[in-house]
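Enquirer: Protein chains in written order, with my numbering: chain A, 1 to 131; chain B, 1 to 339.
Calculated directly from the structure, the hints in this document are not laboratory data.
Quick reminder that beta carbons are idealized off the backbone N, C-alpha and C, glycines included.
The reader is advised that the hints may include incorrect statements.
[Stated by the list, open to error] 20 Å max Cα-Cα, derived PhoX-like pairs, lysine-lysine:
1. K333(B) with K323(B)
2. K51(B) with K3(A)
3. K105(A) with K3(A)
4. K3(A) with K78(A)
5. K51(A) with K230(B)
6. K51(A) with K40(A)
[Stated by the list, open to error] Derived coverage of chain A by chain B (criterion: at least 3 residues anywhere in the stretch with Cβ under 8 Å from a Cβ of chain B; other residues may be distant):
7. 5-15
8. 36-46
9. 55-63
10. 82-89
Here is what each chain is made of, one letter per residue.
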Amino acid sequence: MNKNYIITGLVVFVLAVLSPFWFNIVTTTQAMPEAELLGKSKTEKKCVLDKYEMRANHMSLLDEWRDAVVRDADRQYKSANGHSFNMSLSTGENSCLGCHEDKAKFCDSCHTYASVDPYCWECHTNPKEIK
Amino acid sequence: MNQKYLIPLTAVFLLFLIAYTGVEGAGLQWFFGIVFPYVAIIAFLAGFVYKVLGWASSAVPFRIPTTCGQQKSLPWIKQNTIDNPNTSTGVFVRMILEIFLFRSLFRNTKAAFNRNVSNRLSYSWEIFLWLGALAFHYAFLVTLLRHFRFFTSPVPSCIKFLEYIDGIVQLGLPGIMLSGVVLLAATLFLLARRIFDAKVTYISQAADYFPLFLIIGIAATGLAMRYFTKVDIIGIKTLAMGLATFSPTIPEGVGGLFYGHLFLVSILFAYFPASKLMHMGGIFLSPTRNMANNTRAKRHINPWNYDVETHTYAQYEDHFREKMVEAGLPVDKPLDKKE
């Protein structure tokens, strides 16, 4: 095989492997979203799980809640810290969005950053948008 | 049990434990999260370039036509233009099919004795190695590309599209990604083949098992993090972005399982150039695949042929002309009359 082809291929390969490095140089990089507690959540000081657990595990929790509510009509969640919560993403004062009022900041900023596209909002609506 | 797979298995377990305990016990996040990944990527690139340049400088003195089809012959004999190409277009098609569809593996056969009275040796088509290899390679490719979401921000739409297609079955939360599951299943199948097929066991070495166990370890830890133990993705992305922008930071709260995963990936990268996995680069340089079979149409001169000193008849006659004339032998050029 022609040596020039080999060198060309090798250069392309090395550039491809290094793409995470140069891609962030040639494009503007969005910074990590800052976690911020807004509205009611700022003063409440209690959530269903602690911070790290919540960050890592909230999707499983919501999944369990959905099954509990839809299949067993069980709407009360007793959390490890002793508080009771209404198992709901977006309905009422005691739901996730009832406390964390800003969906764009509370849900979307991290989901966008991590390229996660949850299908929650195919059924649920942001209570702020209805009013 | 067989030491050829017991040793690599133990090695992969130990490597994982080194990272896990190093992080959980000794707090060496900076080493397993920052230093070693950089070292691994440098080792990978340097080793890869070194290997390929070595191959590029080795001699390929003549064409090696492996005839999987009719070569170009008389006009009324139909040529197989892909399996036995005589043009570079044909070679290009053959290489594309080889690289993307593993055509050589597709031709895989197995030899076995008939299980009846005749007990004859017979060969049959064996497609499962090809299927397993295809599933494994594509699943690994998709998994690798999906990980670009940790190194780019905002994430390019092509990566998002790939994630969308990969997660199309929408099972569970977080939604299942097909490539990860196929990757683990395919590597386990390829491993089972090496362990349970006596003929393949016989030719399998530790160097065959080690990359398999390594990739199984990577897939298993990755799946465990995504579906079972759960990790703080934002924290991990901060680490990855830090690595990509040369300003690494160690996120809080991310546990040993992630560093075990990262360490196994780093080991895979660092080990890559020294291993059989270099077929990734080598497939492009396969002499039986990347050269046209035109040995009859075109004269190939060995590039390192030295000049052979020849003694032509004209020189011979110049040398012995006088003696030839004396002896009455015929000469092409008559004797110079002056002398």
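Enquirer: If you test the structure against every hint from before, which numbers come out violated?
Expert: 3, 4, 8 and 10
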